[in-house]
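From first to last, the protein sequence lines stand for chains A and B.
My numbering puts the first residue of the first sequence at 1, with every later residue one more than the last.
My numbering puts the first residue of the second sequence at 128, with every later residue one more than the last.
Derived from the structure by calculation, the hints contain no laboratory data.
This structure is a prediction, so every number in the text was calculated from the model and none was measured.
The beta carbon of each residue, even a glycine, is placed where N, CA and C say it ideally should be.
Certain hints may be false.
What the hints assert, rightly or not - Quick list of in silico lysine-lysine cross-link-like pairs, DSS-like style, CA-CA up to 25 Å:
id, chain 1, residue 1, chain 2, residue 2
1, B, Lys804, B, Lys608
2, A, Lys77, B, Lys587
3, B, Lys804, A, Lys89
4, B, Lys454, B, Lys474
5, A, Lys89, B, Lys596
6, A, Lys49, B, Lys637
7, A, Lys64, A, Lys21
8, B, Lys960, A, Lys64
9, A, Lys89, B, Lys939
10, B, Lys939, A, Lys64
11, B, Lys474, B, Lys485
12, B, Lys963, A, Lys37
13, A, Lys64, B, Lys268
14, A, Lys51, B, Lys936
15, B, Lys639, B, Lys268
16, B, Lys279, B, Lys456
17, A, Lys64, A, Lys49
18, B, Lys939, A, Lys41
19, B, Lys887, A, Lys51
20, A, Lys21, B, Lys936
21, B, Lys216, B, Lys130
22, B, Lys920, B, Lys637
23, A, Lys77, A, Lys17
24, B, Lys749, B, Lys936
Said to hold, decoys possible - Facing chain A, according to a computed beta carbon distance under 7 Å, are these residues of chain B, among others:
id, residue
25, Lys184
26, Glu655
27, Asn693
28, Phe941
29, Ala964
30, Trp965
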Amino acid sequence: MQELLSQYETVKETQVKVWFKVGLESDFPENSGACIKYKTKQIAVYNFKRKAKWYACQNLCPHKMEMVLSLGMIGDKDGIPKVACPLHKKNFSLEDGSNLNGDDLKIATYPVKIENGIVYIGFTDKN
Amino acid sequence: MKKILVVGNGMVGFKFCEKFVEHQDNKGFKIMVFGEEPRPAYDRVHLSAFFEDQDAKALEMAPREWYEEHNIELITDERITAIHRSSKKITTTKDLHYKYDYLVLATGSAPFVPNIPGIEKRGVFVYRTIEDLEAILAFAKDLRSEQKGEIKAAVLGGGLLGLEAAKAVLDMGFEPHVVEFASKLMPRQLDTRASKVLQEKIESLGIHVHLSKATNRIMGEDAITGMEFGEYDKIDVDMLVVSAGIRPRDELARTCSLEMGTRGGIIVNNKMQTKDPEIYAIGEVALYNNMIYGLVAPGYDMAEVAINQILGNREIVMKDDIDMSTKLKLIGVDVASYGEPFMPVEKGYSIIYENKTKNLYKRINVSHDGKTLLGGILVGDASDYNMFHQIYLNGLPIPEDAEELILGSRGEGGSSFGSVADIPDAAQVCSCESVTKGDICCSITDGGCTNLGDVISKTKATTGCGGCKPMVVDLINETLKSLGKEVKETLCEHFSFNRQELYDLIKINKVKDYDEAINLFGEGDGCEVCKPALASIFATITMETPNRQVGIQDTNDRFLANIQRNGTYSVVPRIAGGEITPDKLIVIGEVAKKYDLYTKITGGQRIDLFGAQLNQLPLIWKELIDAGFESGHAYGKSLRTVKSCVGSTWCRYGMHESVTFAIDIENRYKGLRSPHKLKGGVSGCIRECAEARGKDFGLIAVEGGWNLYVCGNGGATPKHAQLLAEQLDEATVIKYLDRFLMYYIRTAGPLVRTAPWLEKLDGGIDYLKKIVIEDTLGIAEELELEMQGLVNKYECEWKQAIEDPNMSKRFKHFVNVDDTDDNLVFVPMRDQKMPKAWS
Ligand code: SRM
Ligand SMILES: Cc1cc2nc3c(=O)[nH]c(=O)nc-3n(C[C@H](O)[C@H](O)[C@H](O)COP(=O)(O)OP(=O)(O)OC[C@H]3O[C@@H](n4cnc5c(N)ncnc54)[C@H](O)[C@@H]3O)c2cc1C
Ligand code: SF4
Ligand code: FES
Chain A
1 MQELLSQYET VKETQVKVWF KVGLESDFPE NSGACIKYKT KQIAVYNFKR
51 KAKWYACQNL CPHKMEMVLS LGMIGDKDGI PKVACPLHKK NFSLEDGSNL
101 NGDDLKIATY PVKIENGIVY IGFTDKN
Chain B
128 MKKILVVGNG MVGFKFCEKF VEHQDNKGFK IMVFGEEPRP AYDRVHLSAF
178 FEDQDAKALE MAPREWYEEH NIELITDERI TAIHRSSKKI TTTKDLHYKY
228 DYLVLATGSA PFVPNIPGIE KRGVFVYRTI EDLEAILAFA KDLRSEQKGE
278 IKAAVLGGGL LGLEAAKAVL DMGFEPHVVE FASKLMPRQL DTRASKVLQE
328 KIESLGIHVH LSKATNRIMG EDAITGMEFG EYDKIDVDML VVSAGIRPRD
378 ELARTCSLEM GTRGGIIVNN KMQTKDPEIY AIGEVALYNN MIYGLVAPGY
428 DMAEVAINQI LGNREIVMKD DIDMSTKLKL IGVDVASYGE PFMPVEKGYS
478 IIYENKTKNL YKRINVSHDG KTLLGGILVG DASDYNMFHQ IYLNGLPIPE
528 DAEELILGSR GEGGSSFGSV ADIPDAAQVC SCESVTKGDI CCSITDGGCT
578 NLGDVISKTK ATTGCGGCKP MVVDLINETL KSLGKEVKET LCEHFSFNRQ
628 ELYDLIKINK VKDYDEAINL FGEGDGCEVC KPALASIFAT ITMETPNRQV
678 GIQDTNDRFL ANIQRNGTYS VVPRIAGGEI TPDKLIVIGE VAKKYDLYTK
728 ITGGQRIDLF GAQLNQLPLI WKELIDAGFE SGHAYGKSLR TVKSCVGSTW
778 CRYGMHESVT FAIDIENRYK GLRSPHKLKG GVSGCIRECA EARGKDFGLI
828 AVEGGWNLYV CGNGGATPKH AQLLAEQLDE ATVIKYLDRF LMYYIRTAGP
878 LVRTAPWLEK LDGGIDYLKK IVIEDTLGIA EELELEMQGL VNKYECEWKQ
928 AIEDPNMSKR FKHFVNVDDT DDNLVFVPMR DQKMPKAWS
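Assemble the whole structure, with the sequences as input and the hints as a guide.
As structure tokens, this is what we get:
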């Protein structure tokens, strides 16, 4: 289990080594999430239309280690964009992955880039 | 700079630091804290939560950085071994020495482990620290992997902590046994009858209780295999948790000859000083008034007193009598005792109410003149505890006929005591954090707080055991009202309207989608509360299915299936009234077999197929729809099932055709979205085999027609539905149902079922009768028309979904590849499969 989790580490835009193409903009639902696969990782991608922004984070909910975050509802808490896990509604910030219910659980986030209608996620490819 | 050394970084040692840094005259002092445990202080009261998530961080009272930020030096993993009073120094296990001006001993207590032969065997544990729990979990895991059938675990001690440990054991999937020396459970808090009620209730939950048992020997070679009480009296167990009381950790007092009690504990005066005025003792190590108080609240008060004494506020001392009232939920059973739970006859008299069928016990002890409440016990339902506790603490007046206190609060009449407004300002509402009613009200009147969240962050009320929360909420609402502020129910931070207001706004303004609604009437980007609530409103205005605004649907509605533990889904086709043909049964069987789905008959008289992956859902539904099935809406806040009994078609007692009527009703309202789920039932006679009175609406066949009941439910707070009208013909039933359901849908809050909705409806069932039957609001026709409109627009949303060319996108696990989720692990179970358990 811990192994599964340890694959996911936040990637900052400045650290990106690989921009991985995950699909067309139109492949992703508006104002909600979908999941992509990169090597062994599952990444949730959100087209946050209302903020005109895209976000990506691990699909794995650290609470019960289930691959579900892409299925959660997105929105904001005090202006911070967030996703609510569909299983027990823990809230995670899409900006920095922190837990907005005050728990210690955190998720890794990844940078998203849109070029000519194509969606890319940034990885460092360390692991 | 004076130096305060705190020995022990437990709950009370931490509270000392926290209160100290908040104190205004704390300049000129430096605090150093020593803790023997490897981590900073954590919430021992909620220790059992660790079993659920193994999340030690979540229990922390404050992170390490907190100590740094407040200039407190925290040294963990280091025990103090001696105190040298003459040189005012202490020594640690690493043989380091530290000098103090004031020494505060907060070393707490350790579990008492009786000296039973064999108690040292493997598999015997105590229950106090995170490490204890880790050891229990590790051992449990080994036991499970050895898998020798049903695993049995005993708890030695049937007190508060013992029962909590028993619950933990039960949750681990073991067979729990509680072994108690006394002749009853919770001997310190409960009288014999109360104890019996509790015992019967927990036995019904599968916990075995062994009373009046003295354990002679722990059996087993290397690891425990059983407990022996007498020659022929033994039980086999694979594990034992000892929870037989506590012993103060007063060993340091011995190293410097402080005064101690005969059964342990460091003796303190009402200033929390030991014999040495520069050494204080607080928390579970302190023997005050010849007592060790095994609760946090008195420990926190002691910390407050010690701080004030050190800072020179000499007049602040410990109260003489310490309130030991407690309310808890043990294994799902409310248990509370306050004041004097058992009372000698010379002091007053007791009134006792006991209802064995409901596992309820209430006792109040009243002074001879009938004017004062001296204490009492509640088992089974402790909802009145806060009020009783306040009456007891503040000596508030009680009804002339004291029995009204417990009898009046049954059933209709509501409670017989006044409102929270009657409690004096000095009354302590949150005893864990010592927050008074005045503190709470002032935080609103003068402190700028406007809601529960504000009040909690300002006063810390409710952050301890949380038991006072209902009362705090009442106080906040009352205070806001008294300020002329509207106590507004709002949906969430994005909409400052309640559901009914939004329903009207959306309908009148013909708002077409969620984005338009939030732009017009809300702010921000929405959340998992307002999105589904608005989705439900849209659906009940236009009968739109979740396929139109997919992004605002709760995950279940988005995928038209119930998400399960492991992220797979379940499939529930509608089987109206529970009636199904053999051919359709065969189709379900074939589909389940083809997709390898776990199959179960549900509590709602239909069949649930579990374990489908996202991409399989449309395939499965295609086959089901081709065979004539429709969505069962098991995932939606919508009509679920109308349960039937076989009725007059087959049953020798049946008065009318209940199956036919149930099917008609289910088909009429299928797909109808509502604030919460809706369930119905139709029984063919008063024997009530369809449990119609346990449903949101229920019909029972009687001579001359149907009796219509409304607003019942099962679930966590079961309520019987109430009679709305009698001896109706079928057309009238439908008419009344249309009116009732539509009125509920329009006016209820989000996720409020019919029973709690009715409870809040001013005028209750009588008012509802006026609206539905007499049409006093003049809206009956409108309600009927509206319902008929919705009924006419019904479409099976699964049929829509599989016909939608874009549908395949929604039901794919990955956008960029066709793979399925390889993280899923199923394990076999009784010839079928189930998801691997959460670790
Ligand atoms: C499958 C089923 C259990 C079973 O194996 O039999 C079930 C399963 C769930 N029930 Fe239930 N309930 C099921 C019959 C019931 C019944 C019995 C009945 O309908 O006669 C009740 C008591 C009657 C009642 O509702 O008043 C019942 C009272 C609840 C409650 C408590 C509702 C309440 O008002 O207190 C919840 C929690 C909630 O809805 O908030 C709940 C919630 C749930 C959820 C949705 C929990 C969740 O969010 O995952 C479960 C998931 C269902 C799924 O398919 O994934 N379930 N649940 C039953 C499906 C019936 C069906 O055919 O649709
Ligand atoms: C499972 C459980 C459930 C509970 N539920 C409730 C409840 O519902 N309500 C309630 O009011 N109370 C409850 N309690 C009791 C409550 O936890 C205690 O009253 C409270 O923790 C006492 O605080 P304390 O700081 O005095 O002792 P502790 O929290 O035990 O802290 C003492 C600390 O001092 C350390 N220490 C001891 N000696 C030394 C030394 N020589 N040098 C350095 N460090 C030392 C210990 O390792 C320990 O960390 C519960 C307890 C348990 C175990
Ligand atoms: S009672 Fe209902 S909600 Fe609870 S576990 Fe069973 S199915 Fe799930
Ligand atoms: S699994 Fe995500 S909140 Fe529980």
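Okay, the hints, checked on the actual structure:
{"no.": "1", "hint": "Lys804/B with Lys608/B", "in the structure": "32 Å, violated"}
{"no.": "2", "hint": "Lys77/A with Lys587/B", "in the structure": "22 Å, holds"}
{"no.": "3", "hint": "Lys804/B with Lys89/A", "in the structure": "19 Å, holds"}
{"no.": "4", "hint": "Lys454/B with Lys474/B", "in the structure": "24 Å, holds"}
{"no.": "5", "hint": "Lys89/A with Lys596/B", "in the structure": "22 Å, holds"}
{"no.": "6", "hint": "Lys49/A with Lys637/B", "in the structure": "23 Å, holds"}
{"no.": "7", "hint": "Lys64/A with Lys21/A", "in the structure": "29 Å, violated"}
{"no.": "8", "hint": "Lys960/B with Lys64/A", "in the structure": "20 Å, holds"}
{"no.": "9", "hint": "Lys89/A with Lys939/B", "in the structure": "22 Å, holds"}
{"no.": "10", "hint": "Lys939/B with Lys64/A", "in the structure": "22 Å, holds"}
{"no.": "11", "hint": "Lys474/B with Lys485/B", "in the structure": "30 Å, violated"}
{"no.": "12", "hint": "Lys963/B with Lys37/A", "in the structure": "22 Å, holds"}
{"no.": "13", "hint": "Lys64/A with Lys268/B", "in the structure": "18 Å, holds"}
{"no.": "14", "hint": "Lys51/A with Lys936/B", "in the structure": "23 Å, holds"}
{"no.": "15", "hint": "Lys639/B with Lys268/B", "in the structure": "54 Å, violated"}
{"no.": "16", "hint": "Lys279/B with Lys456/B", "in the structure": "24 Å, holds"}
{"no.": "17", "hint": "Lys64/A with Lys49/A", "in the structure": "29 Å, violated"}
{"no.": "18", "hint": "Lys939/B with Lys41/A", "in the structure": "16 Å, holds"}
{"no.": "19", "hint": "Lys887/B with Lys51/A", "in the structure": "39 Å, violated"}
{"no.": "20", "hint": "Lys21/A with Lys936/B", "in the structure": "18 Å, holds"}
{"no.": "21", "hint": "Lys216/B with Lys130/B", "in the structure": "11 Å, holds"}
{"no.": "22", "hint": "Lys920/B with Lys637/B", "in the structure": "18 Å, holds"}
{"no.": "23", "hint": "Lys77/A with Lys17/A", "in the structure": "32 Å, violated"}
{"no.": "24", "hint": "Lys749/B with Lys936/B", "in the structure": "16 Å, holds"}
{"no.": "25", "hint": "Lys184", "in the structure": "4 Å, holds"}
{"no.": "26", "hint": "Glu655", "in the structure": "4 Å, holds"}
{"no.": "27", "hint": "Asn693", "in the structure": "6 Å, holds"}
{"no.": "28", "hint": "Phe941", "in the structure": "5 Å, holds"}
{"no.": "29", "hint": "Ala964", "in the structure": "10 Å, violated"}
{"no.": "30", "hint": "Trp965", "in the structure": "5 Å, holds"}
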